[in-house]
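Participant: Read off the chains here:
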Amino acid sequence: MGGTVTAVRPMRVGLALLRGVFLALFAGFIFGPLIVLALWSVAQQWFWPNLLPTSFTTRWFEWAITVPNVLRSLQNSLFVATLVTIATSIIAVPAAIAIGRYEFRGRTVVRWLFSVPLLVPYISLGIGIASVFYAARLTGTYAAVVLAHMIAALPFGVLIVTSAVEELVPEVDEAALACGAAPTAVFWKIILPQLVPALLAQAGYVFMLSMDEFTLTLLVASPETATLPVQMYGAMGEGYLQVSSALAILLLLPSLLLSAVLARFLRTDLHVTG
Amino acid sequence: MPQGHPSRRYVASPNLFWLALALSPGLLIVVGLVAYPLGLAVSNSLGLARGQTATIAHYLAFLSDPRSYWALLNTFALAFATTAGAIILSIPLGYLARASRRFATPVRLLVTLPLAVPVLIAAYALTLFFAENGLFNSILVRVLHLLSEPLTISYSWPGLVIACIWRFFPYTGLLVISALGTLDRNLEDAAASTGANPLQVFRRVTLPLIAPAALTGGILTFVSTFGTFSIPLIMGRSTEVLSVMAYRKVTGGFDWQSASTIVVIMAVFQIATLVGLRGAMNRWVVR
Amino acid sequence: MPSSPFIRVERLTKRYGAAAVVDGISFDVDRGELLTLLGPSGCGKTTTLRCVGGFIEPDAGRISIDGKDMTGVPPYRRHLGMVFQTYALFPHLSVSENVGFGLRVRGVAGSELSSRIARALDMVRLGGFGDRLPRQLSGGQQQRVALARALAYEPRVLLLDEPLSNLDARLRVEMRTEIRALQLQLGVTALYVTHDQEEALSISDRVMVVNHGRIEQLSAPWELYNRPRTRFVAGFVGTANILPARLEPVAGSLTLHVADRFFLALPSPEGLAPGDVWLVVRPEAIVLGPADAPDGASGELVAVTMLGAQFRAAVRFGGEHLVQVDIAHGGTALAARVGDLVSLRFDAGRIVMLPREPT
Ligand SMILES: Nc1ncnc2c1ncn2[C@@H]1O[C@H](COP(=O)(O)OP(=O)(O)OP(=O)(O)O)[C@@H](O)[C@H]1O
Ligand SMILES: [Mg+2]
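Chains as they are written, first to last, in the working numbering: chain A, 1 to 274; chain B, 1001 to 1287; chain C, 2001 to 2359.
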């Protein structure tokens, strides 16, 4: 009896210690790369065998936002993301309401069609449209970049809004009808207002996706229409370690911020597919 | 997918005109910019683009080039290794998250974080972190004195797998953690009360119960890794995978036919894998 | 009560697939009356109510309200109030905006709007909660908002579909009294759906028992309980002992032979014919006595359960029949132990006989 008790104690302590160490190692694995990136973006000097940079500077950020072609790619990114967000909302929201609310022949097929872009490898989508745009002499135009981003964004836009529409309680519409509101009034006063959080989440998600998009953009953009991630890839290729780190941080921070906000709106399963 | 509301009713469609108006722009994009290009890629790969007769020459060329089947092998190996790594990493995280509420939130936040990082940036950050003179090696060699020489991780095959795990394991992790968290612990206690040791409880009770979640998440991780481009583009110096190979065919001489062949092969393999795994999973769940 | 049919339902039928969920139901509801639809799950109560509300198009039959045919009239032109089991409050609107919704779509605005909202909220004792959102209220409060919303624009008919089934037992009793008081005060005609027979008996002017889409009985609560007309109603409303029995001619009169065990003299056998019947007797219409009592049947006491206001004994007699009997607090029968032999005396004035197919 006493033997069991004394045997259990050290085991408990050992287990707690093991858990702590595992969590710490895991946190190191997740945070480590991001910390290094942040350090590089402000490092003046950082040479082996120093553990940390020996002097710091904000020069790389100044560089990043003053160098003309970086500035232009930032403008491109914002311009493209804004257009993509507006266009995707205009297209995805009515489609999602139709799919999530109405019963019609071929509903399942339509639903499935909208998720086709998620079923094939991303690079296949990229090579596919790149060759079409190349043949149509669209390569390098803003239209090509915006359309490419819309392909990537559309499945998520439709998915986010559809699932919000499907969460609507049908009795609530009926209650409004019983109160004497005609169907159009029910749509504008009852259905649409309930969807506002999902519409915002959709717009935020699509905006972020467009800002971060790299693969398709690399395939269809020209140096004039390149977005920030493509610009960053260029800087990496040229070996400007600190500048590309600063660019990466510039791109990463809004992304993290928006994700934190969206996490409140998006259900986990969507987050997982995203 | 949304879980159905118990009283879920779809409203009978109001008017075909409005319905068509709502759906057609989206469908136009899907058909015109996804289905059509993919179809074009298929016809390109068959050499139909220039009005010639169908030929499987491009596929034969692909298969007779050792470089391409190594790339195919690499792509699959990378996706499988990453998926396996994701599942292996997720299970202890799941146990950790449910062990105490103190752990649950930090684990969840840590697991979600990589999802918010653009893939390109993730690849770059990991390259820097695991570089030969990077922070990881500094800590191992200079601080902990565990090694005398730095490890070569960045740009190596294991580095590629680690980077893919970092960015793509959360799909598996979130599902496994939530499956373990919602698992009825009485089942495990009941198994233990019949005399099963912890390992047996895990193998006979816990693992089968979380397997569907692990597989569903695993499929997402697999697909993401299989099609990934940014990570091998930056990290895969020594290892060529199909996506990068297709890209290089285009940039190095606008060889759309070879590029199309590669991406068609990728799409076919991915869909076959998805269908196969779905089938395996259904059989497993039914049993 | 002025007694003109206000809602008239004639041969209402609704099918899903081959099955008629509502199978030719006809009934009237008088002006100011509260009629309850009572029945087991899936019997078609909601379907009937939603047909009256205009949410479901019937396959056959006619519904008229205040003399006007409602066929093809959409719900928003029927001027009804509806209360849902799930409350169905507008989640994005405040309590005041919920209650004022029906007024607003009718063009009421300004000070009249706010005073009528305030009046409706006071009516359900929620004055001061107007600025809250529905999710900031308890279930009972949400239920009151739903009621206020349905009554604020003074509809001519109030439809309620199991409005209390999401509340806990105590609140349910409290709320049903409140709903009934409001309905009487406003004089609104009400159609009320429930599967809780006690609720139905306590608040209704009349109760309509429905089974498999057909009306089993439509009568006032007292009659429903004391004069069930079908075996289903006898078993569904309240607790009843239902025993096989036979009316037999004895000495020029009729006697009831119960479960082949004992005879029960009938006080007024006029109008009855010999034959097989079901004997329906409530637990409170049986008296439990000592085994050596002069008349009645004898049986074995199997269990005694405390119900609060009284005890309920289960007595097995005739081998297979288990009879429920009420025992008052302080009754002498409480001295009996489980396993003892006891006697049962049926109150012949409170029994009901229903036709039975001979076995
Ligand atoms: N839209 C529908 N399609 C097919 N069957 C339906 C539909 N609506 C109702 N039913 C069926 O009709 C029957 C009656 O349904 P109804 O909702 O009227 O029952 P109810 O008496 O209100 O039951 P409950 O007490 O469970 O609410 C049920 O068997 C139900 O499954
Ligand atoms: Mg119902």
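What the hints contain is simulated information worked out from the structure, not anything from laboratory work. All figures in this text were calculated on a predicted structure; none of them were measured in a lab. Beta carbons: idealized from backbone N, C-alpha and C, even for Gly. Treat the hints with caution; some may be incorrect.
Stretch by stretch, here's where chain C covers chain A in the computed footprint (C-beta under 8 Å, at least three residues) [as the list claims (entries may be wrong)]:
#, segment
1, 161-173
2, 178-186
3, 253-263
Below, in silico cross-link-like pairs of lysine to aspartate or glutamate (DMTMM-like), each with a Cα-Cα straight-line distance of 25 Å or less [as the list claims (entries may be wrong)]:
#, chain 1, residue 1, chain 2, residue 2
4, C, 2068, C, 2028
5, A, 189, C, 2112
6, A, 189, A, 174
7, A, 189, A, 171
8, A, 189, C, 2030
9, A, 189, C, 2131
10, A, 189, C, 2154
11, C, 2068, A, 167
12, C, 2068, C, 2023
13, B, 1249, A, 103
14, B, 1249, A, 174
15, B, 1249, B, 1132
16, C, 2068, C, 2112
17, C, 2068, C, 2030
18, C, 2068, C, 2174
19, A, 189, A, 62
20, C, 2068, C, 2154
21, A, 189, A, 224
22, A, 189, A, 167
23, C, 2068, C, 2057
Distance ranges between label pairs, derived from CB positions [as the list claims (entries may be wrong)]:
#, chain 1, residue 1, chain 2, residue 2, range
24, C, 2128, A, 24, 51 to 61 Å
25, A, 239, B, 1077, 23 to 33 Å
26, B, 1133, A, 24, 16 to 26 Å
27, B, 1133, A, 12, 35 to 45 Å
28, A, 90, C, 2024, 33 to 43 Å
Participant: All the hints need checking, so say for each whether the structure fits it.
Facilitator: Taking the hints in turn, this is what the structure says about them:
Beta-carbon proximity to chain C at under 8 Å applies to 3 residues in the segment 161-173 of chain A; the threshold of 3 is reached and the given coverage holds. With 7 residues having a beta carbon nearer than 8 Å to a beta carbon of chain C, the segment 178-186 of chain A meets the requirement of three or more and the stated coverage holds. Given a C-beta distance limit of less than 8 Å, the hint that chain C covers the segment 253-263 of chain A is violated, as 0 residues qualify and 3 are needed. Taking the CA atoms of residue 2068 (chain C) and residue 2028 (chain C), the gap is about 14 Å. The hint holds against a cut of 25 Å.
Annotation: proposed proximity of residue 189 (chain A) to residue 2112 (chain C) holds, straight-line Cα distance about 21 Å (limit 25 Å). With a C-alpha separation of about 13 Å, the suggested pair residue 189 (chain A) and residue 174 (chain A) falls inside the 25 Å cut-off, and the hint holds. Of the supplied pair hints, the one linking residue 189 (chain A) and residue 171 (chain A) holds, its CA atoms being roughly 15 Å apart against a limit of 25 Å. Annotation: proposed proximity of residue 189 (chain A) to residue 2030 (chain C) is violated, straight-line Cα distance about 35 Å (limit 25 Å).
Between residue 189 (chain A) and residue 2131 (chain C), the direct Cα distance comes to roughly 18 Å. Compliance with the 25 Å bound is thereby established for this hinted pair. For the given pair, residue 189 (chain A) sits about 22 Å from residue 2154 (chain C) by alpha-carbon distance, which is consistent with the 25 Å threshold. For the hint linking residue 2068 (chain C) to residue 167 (chain A), the alpha-carbon distance of about 37 Å lies beyond 25 Å, and the restraint is violated. Straight-line distance between C-alpha atoms of residue 2068 (chain C) and residue 2023 (chain C) comes to about 23 Å, which keeps the hinted pair within the 25 Å bound.
A C-alpha spacing of about 46 Å is found between residue 1249 (chain B) and residue 103 (chain A), which places the hinted pair above 25 Å, so the restraint is violated. Taking the CA atoms of residue 1249 (chain B) and residue 174 (chain A), the gap is near 58 Å; set against the 25 Å cutoff, the hint is violated. Distance restraint check for residue 1249 (chain B) and residue 1132 (chain B): the Cα-Cα separation of roughly 30 Å exceeds the 25 Å cut-off, and the hinted pair is therefore not satisfied. Restraint check for residue 2068 (chain C) and residue 2112 (chain C): the C-alpha separation of about 30 Å exceeds 25 Å, so the hint is violated.
With a C-alpha separation of about 15 Å, the suggested pairing of residue 2068 (chain C) with residue 2030 (chain C) holds against the 25 Å cut-off. Using a Cα cut-off of 25 Å, the hinted pair residue 2068 (chain C) and residue 2174 (chain C) is violated, with the two alpha carbons roughly 36 Å apart. With a CA separation close to 48 Å, the supplied pair residue 189 (chain A) and residue 62 (chain A) exceeds the 25 Å bound. Pair hint residue 2068 (chain C) plus residue 2154 (chain C) holds up; C-alpha atoms about 19 Å apart against a cutoff of 25 Å.
At roughly 45 Å between alpha-carbon atoms, residue 189 (chain A) and residue 224 (chain A) are farther apart than 25 Å, so this suggested pair is violated. Note on residue 189 (chain A) and residue 167 (chain A): the hinted pairing holds, with a Cα-Cα distance of about 17 Å set against a maximum of 25 Å. Straight-line distance between C-alpha atoms of residue 2068 (chain C) and residue 2057 (chain C) comes to about 16 Å, which keeps the hinted pair within the 25 Å bound. In this structure the supplied range 51 to 61 Å holds for residue 2128 (chain C) paired with residue 24 (chain A), their Cβ-Cβ distance being about 52 Å.
Range check, residue 239 (chain A) to residue 1077 (chain B): about 30 Å between beta-carbon atoms, so the 23 to 33 Å window is met. Judged by the Cβ atoms, the range 16 to 26 Å given for residue 1133 (chain B) and residue 24 (chain A) holds: they are separated by roughly 24 Å. Restraint check, residue 1133 (chain B) to residue 12 (chain A): a C-beta distance of roughly 41 Å satisfies the suggested window 35 to 45 Å. Residue 90 (chain A) and residue 2024 (chain C) have their C-beta atoms about 50 Å apart, which leaves the hinted 33 to 43 Å range violated.
The structure fails to meet hints 3, 8, 11, 13, 14, 15, 16, 18, 19, 21 and 28 from the earlier list, while all remaining hints are met.
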